[in-house]
Every structure is written in structure tokens, then in C-alpha cells.
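When you get a sec, could you build the whole thing from the sequences and use the hints?
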Amino acid sequence: MMPFAFCIREKRWCEFAEPVNGESTQFLQEFALKYNMVIISSILERDINHGETLWNTVVIIGNHGNIIGKHRKNHIPRVGDFNESMY
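Position one of the sequence shown corresponds to residue 1 (full-length UniProt numbering), numbered consecutively onward.
Hints are computed from structural coordinates only; laboratory data are not their basis.
In this text, all values refer to a predicted model and were calculated from it rather than measured experimentally.
For glycine and all other residues, C-beta sits at the position ideal for the given N, C-alpha and C.
Among the clues, some could well be false.
Claimed, not checked - The calculated label-pair distances, taken between Cβ atoms and stated as ranges, are:
id, residue 1, residue 2, range
1, GLU30, GLY69, 14 to 22 Å
2, HIS71, GLU23, 19 to 27 Å
3, ARG12, ASN66, 26 to 34 Å
4, LYS73, ASN21, 17 to 25 Å
5, MET37, LYS73, 16 to 24 Å
6, ARG12, TYR35, 30 to 38 Å
7, HIS75, CYS14, 17 to 25 Å
8, PHE31, GLY51, 17 to 25 Å
Here is the structure:
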């Protein structure tokens, strides 16, 4: 499991953003294949197909080194007294 990736607009973090099939994921794909394990990893995803949008994404890599899927994490908007960022 990679460290938590969070989406902020500070330049120093944006420079590390990469596509889902970028270098970080490729590195983990090799490990998944070599050690026959599933890896779930957070990345800061740069979505070049949608205007360079940045996402806090989880990539699921299968034990054969294939990308099984991804999930773009979103925060629940503040509603009334509930504010997700407080938890």
C-alpha cells in the first residue's frame, strides 16, 4: 500500500501527478507479477483526457500484473451539520 495521496493544487504536489498507467503503477505491476500478489495503491492521477484534471485515485493491480480497476476518491460535500473533513 502506497502512502495516502491527496489532491491539492500546490505546484510541488501537482508535479508528481501521472496517468494511471504511469511509472509508479508500472513499478508496482512488476512487484505484483513477481510476488503473485494483488496491490492496492493510491496515486495522484493526472487525467490528460479531461483537461489535465487531478484525481486522488486508488489503482488495483492483479497478481498477474494487470490493472484490475481504479477508483477516483471524492469527498462527500458538506450537508447541514455534517462535514466529512472533520472525521
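Task: Hint numbers not upheld by this structure, sorted from lowest to highest - done: Result: hint 8 breaks, nothing else.
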